[in-house]
Amino acid sequence: MKARVFVTLKNGVLDPQGKAIGHALNNLGFGSVGEVRQGKLIELALTGSDEAKARADLKEMCEKLLANTVIEKYEIEITA
Amino acid sequence: MKARVFVTLKNGVLDPQGKAIGHALNNLGFGSVGEVRQGKLIELALTGSDEAKARADLKEMCEKLLANTVIEKYEIEITA
Amino acid sequence: MTAPHTAITPELVREHGLNEAEYARIQELLGRDPNIVELGIFSVMWSEHCSYKSTRFHLKKLPTSAPWVIQGPGENAGIIDVGDGDVCVFKMESHNHPSFIAPFQGAATGVGGIMRDVFTMGARPVASLNALRFGEPSHPKTKHLVSGVVEGIGSYGNCMGVPTVGGEVNFHSTYNGNNLVNAMCVGMAKADKIFYSAARGSGNPVVYVGSKTGRDGIHGATMASAEFNEDSEEKRPTVQVGDPFTEKLLLEACLELMATDAIIAIQDMGAAGLTSSSAEMADKGDSGIEIDLDKVPQRETNLTAYEMMLSESQERMLAVLKPGREAEAERIFKKWELDFSVIGFTTDTHRLVVKHKGEIVADMPVTALSDAAPLYERPYITRAPASGTPEFDATRPVMTSLLKLLGTPDLCSKRWVWEQYDYTVMGDSVQQPGGDAAVVRIHGTQKGLAMSTDVTPRYCKADPREGAKQAVAESYRNITAVGATPLALTDCLNFSNPEKPEAMGEIVNGIEGMGEACRALDYPIVSGNCSLYNETQGEGILPTPTVGGVGLLKNIARMATIAFKRDNDAILVIGETKGHLGQSVYLREIEGKEEGACPPVDLKLEKKHGKFVRGLIEAGKLDTVHDVSDGGLLVAVAEMALASGIGAVLRTNYDPADFIPTMFGEDQGRYLVALPEKKADAVITAAAKAGIYVRHLGFTGAVSEMGEPVLQGVGLPAVGLETLRSAHENWLPSYMNN
Amino acid sequence: MKAAVVVFPASNCDRDAAVALEQITGHKPQMVWHADSEVPEVDLIVLPGGFSYGDYLRCGAMAGQSHVMRAVKEKAEQGVRVLGICNGFQVLTETHMLPGVLMRNAALKFVCKPVGLTVTETQSVFTRHYKAGQRVEFPVAHGEGNYVADTETLDRLEGEGRVVFKYAPGENPNGSERDIAGILNDKRNVLGLMPHPERVCDPLLGGTDGKAMFESLLEALS
Ligand SMILES: Nc1ncnc2c1ncn2[C@@H]1O[C@H](COP(=O)(O)OP(=O)(O)O)[C@@H](O)[C@H]1O
Ligand SMILES: [Mg+2]
Numbered sequence: 000m001k002a003r004v005f006v007t008l009k010n011g012v013l014d015p016q017g018k019a020i021g022h023a024l025n026n027l028g029f030g031s032v033g034e035v036r037q038g039k040l041i042e043l044a045l046t047g048s049d050e051a052k053a054r055a056d057l058k059e060m061c062e063k064l065l066a067n068t069v070i071e072k073y074e075i076e077i078t079a
Numbered sequence: 000m001k002a003r004v005f006v007t008l009k010n011g012v013l014d015p016q017g018k019a020i021g022h023a024l025n026n027l028g029f030g031s032v033g034e035v036r037q038g039k040l041i042e043l044a045l046t047g048s049d050e051a052k053a054r055a056d057l058k059e060m061c062e063k064l065l066a067n068t069v070i071e072k073y074e075i076e077i078t079a
Numbered sequence: 000m001t002a003p004h005t006a007i008t009p010e011l012v013r014e015h016g017l018n019e020a021e022y023a024r025i026q027e028l029l030g031r032d033p034n035i036v037e038l039g040i041f042s043v044m045w046s047e048h049c050s051y052k053s054t055r056f057h058l059k060k061l062p063t064s065a066p067w068v069i070q071g072p073g074e075n076a077g078i079i080d081v082g083d084g085d086v087c088v089f090k091m092e093s094h095n096h097p098s099f100i101a102p103f104q105g106a107a108t109g110v111g112g113i114m115r116d117v118f119t120m121g122a123r124p125v126a127s128l129n130a131l132r133f134g135e136p137s138h139p140k141t142k143h144l145v146s147g148v149v150e151g152i153g154s155y156g157n158c159m160g161v162p163t164v165g166g167e168v169n170f171h172s173t174y175n176g177n178n179l180v181n182a183m184c185v186g187m188a189k190a191d192k193i194f195y196s197a198a199r200g201s202g203n204p205v206v207y208v209g210s211k212t213g214r215d216g217i218h219g220a221t222m223a224s225a226e227f228n229e230d231s232e233e234k235r236p237t238v239q240v241g242d243p244f245t246e247k248l249l250l251e252a253c254l255e256l257m258a259t260d261a262i263i264a265i266q267d268m269g270a271a272g273l274t275s276s277s278a279e280m281a282d283k284g285d286s287g288i289e290i291d292l293d294k295v296p297q298r299e300t301n302l303t304a305y306e307m308m309l310s311e312s313q314e315r316m317l318a319v320l321k322p323g324r325e326a327e328a329e330r331i332f333k334k335w336e337l338d339f340s341v342i343g344f345t346t347d348t349h350r351l352v353v354k355h356k357g358e359i360v361a362d363m364p365v366t367a368l369s370d371a372a373p374l375y376e377r378p379y380i381t382r383a384p385a386s387g388t389p390e391f392d393a394t395r396p397v398m399t400s401l402l403k404l405l406g407t408p409d410l411c412s413k414r415w416v417w418e419q420y421d422y423t424v425m426g427d428s429v430q431q432p433g434g435d436a437a438v439v440r441i442h443g444t445q446k447g448l449a450m451s452t453d454v455t456p457r458y459c460k461a462d463p464r465e466g467a468k469q470a471v472a473e474s475y476r477n478i479t480a481v482g483a484t485p486l487a488l489t490d491c492l493n494f495s496n497p498e499k500p501e502a503m504g505e506i507v508n509g510i511e512g513m514g515e516a517c518r519a520l521d522y523p524i525v526s527g528n529c530s531l532y533n534e535t536q537g538e539g540i541l542p543t544p545t546v547g548g549v550g551l552l553k554n555i556a557r558m559a560t561i562a563f564k565r566d567n568d569a570i571l572v573i574g575e576t577k578g579h580l581g582q583s584v585y586l587r588e589i590e591g592k593e594e595g596a597c598p599p600v601d602l603k604l605e606k607k608h609g610k611f612v613r614g615l616i617e618a619g620k621l622d623t624v625h626d627v628s629d630g631g632l633l634v635a636v637a638e639m640a641l642a643s644g645i646g647a648v649l650r651t652n653y654d655p656a657d658f659i660p661t662m663f664g665e666d667q668g669r670y671l672v673a674l675p676e677k678k679a680d681a682v683i684t685a686a687a688k689a690g691i692y693v694r695h696l697g698f699t700g701a702v703s704e705m706g707e708p709v710l711q712g713v714g715l716p717a718v719g720l721e722t723l724r725s726a727h728e729n730w731l732p733s734y735m736n737n
Numbered sequence: 000m001k002a003a004v005v006v007f008p009a010s011n012c013d014r015d016a017a018v019a020l021e022q023i024t025g026h027k028p029q030m031v032w033h034a035d036s037e038v039p040e041v042d043l044i045v046l047p048g049g050f051s052y053g054d055y056l057r058c059g060a061m062a063g064q065s066h067v068m069r070a071v072k073e074k075a076e077q078g079v080r081v082l083g084i085c086n087g088f089q090v091l092t093e094t095h096m097l098p099g100v101l102m103r104n105a106a107l108k109f110v111c112k113p114v115g116l117t118v119t120e121t122q123s124v125f126t127r128h129y130k131a132g133q134r135v136e137f138p139v140a141h142g143e144g145n146y147v148a149d150t151e152t153l154d155r156l157e158g159e160g161r162v163v164f165k166y167a168p169g170e171n172p173n174g175s176e177r178d179i180a181g182i183l184n185d186k187r188n189v190l191g192l193m194p195h196p197e198r199v200c201d202p203l204l205g206g207t208d209g210k211a212m213f214e215s216l217l218e219a220l221s
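Chains as they are written, first to last, in numbering that gives the first Met the number 0: chain Y, 0 to 79; chain W, 0 to 79; chain C, 0 to 737; chain P, 0 to 221.
FYI, nobody ran anything at the bench for these hints, they're computed from the structure. Be aware that a few hints might be false.
Claimed, not checked - No more than 27 Å apart at the CA atoms, straight line, and that leaves these computed lysine-lysine pairs for BS3-like:
id, chain 1, residue 1, chain 2, residue 2
1, P, Lys108, C, Lys334
2, C, Lys610, C, Lys60
3, P, Lys108, W, Lys18
4, P, Lys112, C, Lys446
5, Y, Lys9, C, Lys321
6, W, Lys52, W, Lys1
7, W, Lys72, W, Lys58
8, C, Lys446, P, Lys210
9, Y, Lys52, Y, Lys39
10, P, Lys210, C, Lys189
11, C, Lys564, C, Lys620
12, C, Lys142, P, Lys27
13, C, Lys140, W, Lys18
14, Y, Lys52, W, Lys1
Computed from a prediction, not measured in an experiment: that's the story for all the values here.
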């Protein structure tokens with residue numbers, strides 16, 4: 000199985016990287032760009048075929064390691 | 000409009016960070032975790048409603064700034 | 000506008016950390032009930048963090064002046080005169096709690112905050128230090144905390160381009176749920192270009208510069224604030240994210256503005272952001288301030304007045320300008336792509352008035368927030384100090400113990416930490432991490448600033464008064480050991496719950512002991528910070544009154560370092576070794592006991608020995624010095640050998656009964672020095688003349704038959720330096736990488 | 000020799016570079032702001048270390064898009080010497096003025112320490128005062144100095160004598176391929192390197208091994 004985990008800063012948490020990227024894109028002439036936020040994309044290969052179990056595992060991985068839930072939120076996607 | 004850009008390392012490019020995450024997950028007892036790769040997720044708010052134009056713009060942004068195409072590939076998704 | 004109309008209930012008051020008496024006092028001061036914005040403002044201004052209500056009374060006992068002190072406590076940072084028109088600005092601050100919840104960001108913003116305190120006074124930061132305490136290595140959270148904190152400190156300081164040159168790292172189970180992150184910043188300014196926070200005058204523009212305001216770190220009243228804002232939790236991160244890039248721009252922009260004469264007063268927005276900066280500036284300036292929140296640059300939509308006043312968004316400053324200079328200032332901040340907004344003006348009303356959307360949402364006398372803040376003389380108990388001389392096994396082989404000690408978490412090399420910090424940027428780091436004190440050259444001169452952070456919490460636990468004295472004495476010694484004159488200290492008083500008489504006793508005795516040592520050593524405290532309530536589930540941390548010392552080295556060409564320089568140097572110990580094993584690292588690590596009296600500090604001898612050693616270094620007679628601290632004599636000799644790759648042979652009088660205490664006892668007031676044998680006699684004679692105890696301990700340059708440098712002596716089988724080195728260097732990296 | 004040092008927002012070794020240049024050439028270099036679209040007439044342009052634009056997104060990426068870099072690129076094409084140190088090297092790869100990329104250190108940590116280097120190429124205006132094969136020690140201070148390029152590029156760099164510095168055996172601090180620490184462009188007028196020669200031009204700061212680089216330039220460009 001393959002999964003993707005998206006870890007992003009919670010709404011309201013300052014995202015200096017996103018801010019700087021937005022600024023740079025505007026300077027490059029992309030005037031249509033408004034707010035930009037940068038997060039992490041983690042792609043995982045998983046053994047086993049039980050999707051429910053995989054989801055539960057991934058949730059635990061996020062809580063324990065992949066995200067700092069004080070400032071970050073996460074989203075899980077099973078892709079294959 | 001909202002868009003997501005995924006920037007990941009090209010296949011074959013070593014990803015020590017992904018490897019370290021995989022290792023840490025295995026150590027935490029998640030034995031089902033195989034290869035892990037880490038990339039970037041960039042979320043952008045865009046003005047305008049022409050999706051084709053947005054895609055073209057985003058492609059240019061990726062080529063110019065968001066990805067270093069020597070080692071990275073990108074994927075564009077218009078979400079709303 | 001909803002916020003100001005929220006009803007003030009007893010629960011709401013409690014959730015704001017105010018007790019009934021305090022609330023009654025607020026009602027009295029205002030002559031009415033506060034609204035929610037005002038309650039929030041009182042809550043943060045009267046918090047322990049801002050008002051020092053438990054410690055203010057005792058902090059007065061610290062000496063804070065000397066002829067070279069230009070600014071003592073009470074401003075953003077302390078200032079001392081270092082001659083030739085230059086001043087040194089420095090302060091230390093804790094970021095303990097945030098660093099426990101989010102180690103990377105908590106530590107990073109701690110560094111950012113203390114740097115702002117320094118550059119807001121007109122100084123360019125030239126060095127950073129830190130003092131870190133973590134729980135036991137075996138605790139499941141420790142590794143993650145060490146890793147995040149160190150990375151956070153590095154990421155912020157490295158990006159700012161300020162070298163992180165020193166610090167300390169210790170581990171103890173009492174910090175399992177309460178790690179300590181104390182960050183110190185040292186800056187340099189010109190004596191005629193110092194900036195203060197007193198917002199004098201009336202009708203002067205108040206400007207906001209830096210980053211936009213968001214809902215960052217609004218403390219305390221999470222539940223209460225949920226009542227007047229639906230999207231509560233997710234919108235209300237209690238930990239701030241640092242943006243060192245913006246801070247670097249803010250630093251350069253502020254220094255550029257400071258080069259003009261447009262500024263009347265300036266202050267960073269630290270804890271309690273807009274509230275404390277505006278209230279404190281008005282209070283110091285004996286004026287009032289009126290601000291309009293609609294003019295505050297905002298990162299998010301629908302920020303309430305309450306949120307804006309309490310936000311702890313980072314990388315922001317408040318300044319009062321001379322009227323008519325706004326455009327000039329704005330140009331500078333725009334050049335650096337920072338927000339700039341005139342948000343109000345000073346008044347002569349002595350009131351803090353806050354407007355939002357056309358309404359007055361807060362209006363209170365400035366003194367209600369400062370002078371009228373509660374002051375408690377909390378009851379305290381002075382515990383009898385730990386006493387006695389512990390038993391030990393006199394048959395243990397000394398070299399085996401040395402090897403073990405060098406590889407313990409507290410005594411091992413902290414290279415893994417400092418190599419993550421850029422300690423060479425700015426091109427003035429003449430003494431890098433690994434010595435007794437870091438030395439940074441005063442740019443463009445031959446003078447240097449020596450700096451060190453110190454405290455031995457286990458001594459403070461055994462005897463808070465003696466332990467605090469020891470912290471000051473060790474700082475004095477570390478600064479002296481490089482050849483510098485100790486000038487002044489900053490402190491970070493980390494203690495547990497002041498409402499418990501025993502803990503309060505640690506605070507009171509700690510402060511008094513510190514004051515006594517500072518007075519005796521002419522080493523005043525010019526800035527600092529208190530961090531209380533460091534306890535988890537009722538267990539407090541070891542009392543940890545960290546001090547950060549700064550000294551002046553007159554000539555960097557005559558600086559001493561700990562590394563042996565030559566073969567066949569005589570190794571001397573200045574100061575008497577009685578063999579005090581109580582509370583020593585040896586006792587804890589080898590015998591498994593944390594007991595006995597801590598080593599007493601004789602402040603007269605400290606001063607005398609310090610003066611003697613410094614005199615020799617300044618006269619160019621001594622280039623190799625190391626103070627003797629944790630681990631005792633043999634550990635100190637090993638550290639000198641390891642720093643140089645040169646071995647040593649010790650002339651030990653091997654008497655099993657006191658061999659171990661002699662080698663590992665932690666008697667205070669001692670220095671190890673090494674110098675060519677033919678110069679040693681003169682030093683021994685001079686010491687004898689001055690009534691200073693000195694002993695010829697051995698010689699540098701021992702090698703094995705294979706030619707490998709070794710450490711050896713009677714009763715000390717030769718051990719190769721490489722064996723010692725791997726014990727010393729390996730513990731931390733192998734702990735962190737496994 | 001006339002020199003300029005480019006200053007990006009959050010460059011932080013600009014002063015260090017200027018101090019070293021002044022010490023060796025006797026002249027203060029001109030400081031050029033990132034928003035300027037012109038670079039003055041000089042013989043040498045230095046892109047200093049630091050964290051340009053916070054090094055957000057990727058190190059050197061945003062600096063690569065700045066106005067001043069367009070001008071620097073033009074000058075380089077005209078043959079003006081360009082020296083990129085640390086963050087400057089990252090900017091040079093991001094603008095493709097040098098091949099390859101600088102990735103996160105293999106150990107995933109920022110590393111600051113003195114590192115032994117071998118001077119592998121002395122046929123350049125930057126290194127003619129060194130001896131071929133000479134061991135020197137410069138400090139490194141970076142989180143992303145892991146040089147990566149495809150095999151063909153690496154072979155070419157080595158074959159054409161464009162690898163100027165290598166980390167000494169066993170001292171590679173970042174996992175870079177073939178221990179590469181610094182490389183030249185094909186016209187040999189642009190050098191990028193991760194270690195900091197400007198931080199070792201003063202015996203009080205741990206050595207003077209960096210001086211020969213500035214002396215080489217001084218001799219070639221005066
Ligand atoms: N967190 C840290 N950051 C930077 N340097 C550190 C840190 N911890 C320890 N060091 C350095 O390691 C050396 C030894 O530290 P320590 O044993 O606490 O010294 P001392 O006993 O002389 O006070 C010192 O040079 C100190 O600055
Ligand atoms: Mg010491």
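So, going through the hints one by one against the coordinates:
| no. | hint | result |
| --- | --- | --- |
| 1 | P:Lys108 / C:Lys334 | violated (33 Å) |
| 2 | C:Lys610 / C:Lys60 | holds (26 Å) |
| 3 | P:Lys108 / W:Lys18 | holds (14 Å) |
| 4 | P:Lys112 / C:Lys446 | holds (24 Å) |
| 5 | Y:Lys9 / C:Lys321 | violated (40 Å) |
| 6 | W:Lys52 / W:Lys1 | holds (13 Å) |
| 7 | W:Lys72 / W:Lys58 | holds (11 Å) |
| 8 | C:Lys446 / P:Lys210 | holds (23 Å) |
| 9 | Y:Lys52 / Y:Lys39 | holds (23 Å) |
| 10 | P:Lys210 / C:Lys189 | violated (31 Å) |
| 11 | C:Lys564 / C:Lys620 | holds (13 Å) |
| 12 | C:Lys142 / P:Lys27 | violated (47 Å) |
| 13 | C:Lys140 / W:Lys18 | holds (22 Å) |
| 14 | Y:Lys52 / W:Lys1 | violated (32 Å) |
Checked against the numbered hints given earlier, the structure breaks hints 1, 5, 10, 12 and 14 and satisfies all the rest.
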